[in-house]
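**Student:** Line order of the protein sequences matches chains B and X. Quick note on the working numbering: the first sequence kicks off at 1 and runs consecutively. Quick note on the working numbering: the second sequence kicks off at 1 and runs consecutively.
Everything labelled a hint here was simulated from the structure, so no lab data went into it. Be aware that one or more of the hints could be misleading.
Anything over 10 Å on all C-beta distances counts as not near chain X; from chain B, calculated [to be verified]: (1) VAL4; (2) PRO8; (3) HIS26; (4) GLY28; (5) SER59; (6) PRO61; (7) CYS68; (8) LEU73; (9) ASP85; (10) LEU90; (11) ARG113; (12) THR115.
One side only, chain X facing chain B, incomplete, derived with CB under 10 Å [unchecked claim]: (13) GLY8; (14) ALA17; (15) LYS49; (16) PHE63; (17) PRO79; (18) TYR100; (19) LEU102.
Predicted model only: the values in this text are computed from it and were never measured. The beta-carbon is built from N, C-alpha and C at its ideal position, and this holds for glycine as well.
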Amino acid sequence: DTEVTQTPKHLVMGMTNKKSLKCEQHMGHRAMYWYKQKAKKPPELMFVYSYEKLSINESVPSRFSPECPNSSLLNLHLHALQPEDSALYLCASSQEAGLGSSYNEQFFGPGTRLTVL
Amino acid sequence: AQSVTQLGSHVSVSEGALVLLRCNYSSSVPPYLFWYVQYPNQGLQLLLKYTSAATLVKGINGFEAEFKKSETSFHLTKPSAHMRDAAEYFCAVRRGGSNYKLTFGKGTLLTVNP
Chain B
1 DTEVTQTPKH
11 LVMGMTNKKS
21 LKCEQHMGHR
31 AMYWYKQKAK
41 KPPELMFVYS
51 YEKLSINESV
61 PSRFSPECPN
71 SSLLNLHLHA
81 LQPEDSALYL
91 CASSQEAGLG
101 SSYNEQFFGP
111 GTRLTVL
Chain X
1 AQSVTQLGSH
11 VSVSEGALVL
21 LRCNYSSSVP
31 PYLFWYVQYP
41 NQGLQLLLKY
51 TSAATLVKGI
61 NGFEAEFKKS
71 ETSFHLTKPS
81 AHMRDAAEYF
91 CAVRRGGSNY
101 KLTFGKGTLL
111 TVNP
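This is chain X alone, in the form it adopts within the complex:
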């Protein structure tokens, strides 16, 4: 079964610092990977998705992620954190074909300190 592991349930950075949120996947076939963000008391918003067109994927709000097959990783980064980036971040994997199911990681809470 496909799964994702998010390393670190809580990451704290200073405003202006690099954000790095880690996600590793397990998959025997090419995965379809997603990063979602959830602000307090809101639904999930898609940040970016891996489509196999490029290993470096750019998303919204200045986030990007790099797919590394050799490391089975899809880490999320942002060069400079803003206070508004404070939220819960979920990595998710979806099997291809007719399978609808998204499998989420446990989430990483990002706090940004002034």
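Just chain B, same shape as in the assembly:
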């Protein structure tokens, strides 16, 4: 299984809602990532988890809250979002990113298209 799955595929939410995005991989990867991608732009890194611990937070607003319940799952909890948060949210995973693994590529999921009204 060389796939990263994401649910839901589409999500529409109001600014007062609380929702979660889910990501799953069964490749035994120990690094997982959240990216945000606006239309016609490259992905922007939000968070990195390594061995289920938050490794990088790219100064993301606290209305985005990541969670890594186990080595296969990654969640992104959303609360009090703004319309400008509307974007494609991509999850990715890689084998690991420590020494000796510099070439490990990131495998991306299909993304969740989020619209904030």
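Starting from the structure of chain B, add chain X where the hints point.
**Tutor:** For chain X alone, coordinates are given in the frame of chain B:
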């Protein structure tokens, strides 16, 4: 800081023509370079990666890229374009060691005309 520059935000070719998408990197150390493709409303798919084992790298779907240190380039080519190649293409660079961060270029939209 490492970065990549993709020359041309939009490239248009005829079906059967050569595809050339340009990527230049800036790096003070040997870089780890990748090309990703993104079809409409989908995630990113790895086309190929530079591993320093060979300067000419072959990827999926008939694409290949050549690493040229003297020109700090990693251009993506395909001899004959197909309609299904129409997509957004991203060049990316990653620092070695324990750095996880991929830095993407701005992307090049490839359109293929019948």
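**Student:** Taking the hints in turn, state whether each one holds.
**Tutor:** Hints versus structure:
1. VAL4: Nearest chain X Cβ is 8 Å from VAL4/B, so the label is violated.
2. PRO8: Label holds. Min Cβ-Cβ 14 Å, cutoff 10 Å.
3. HIS26: Fine: 16 Å to the nearest Cβ keeps HIS26/B off the interface.
4. GLY28: 17 Å, holds
5. SER59: Label holds. Min Cβ-Cβ 13 Å, cutoff 10 Å.
6. PRO61: 19 Å, holds
7. CYS68: 14 Å, holds
8. LEU73: The assertion about LEU73/B holds, with a minimum of 17 Å to chain X.
9. ASP85: Nearest chain X Cβ is 19 Å from ASP85/B, so the label holds.
10. LEU90: 6 Å, violated
11. ARG113: 7 Å, violated
12. THR115: 13 Å, holds
13. GLY8: Violated - the Cβ of GLY8/X stays beyond 10 Å from chain B, reaching only about 14 Å at its closest.
14. ALA17: Given a least distance of 24 Å, the restraint on ALA17/X is violated.
15. LYS49: 6 Å, holds
16. PHE63: 15 Å, violated
17. PRO79: Violated: closest Cβ of chain B sits about 24 Å from PRO79/X, beyond 10 Å.
18. TYR100: 4 Å, holds
19. LEU102: 6 Å, holds
Violation of the numbered hints given earlier is confined to hints 1, 10, 11, 13, 14, 16, 17; the remaining hints are satisfied by the structure.
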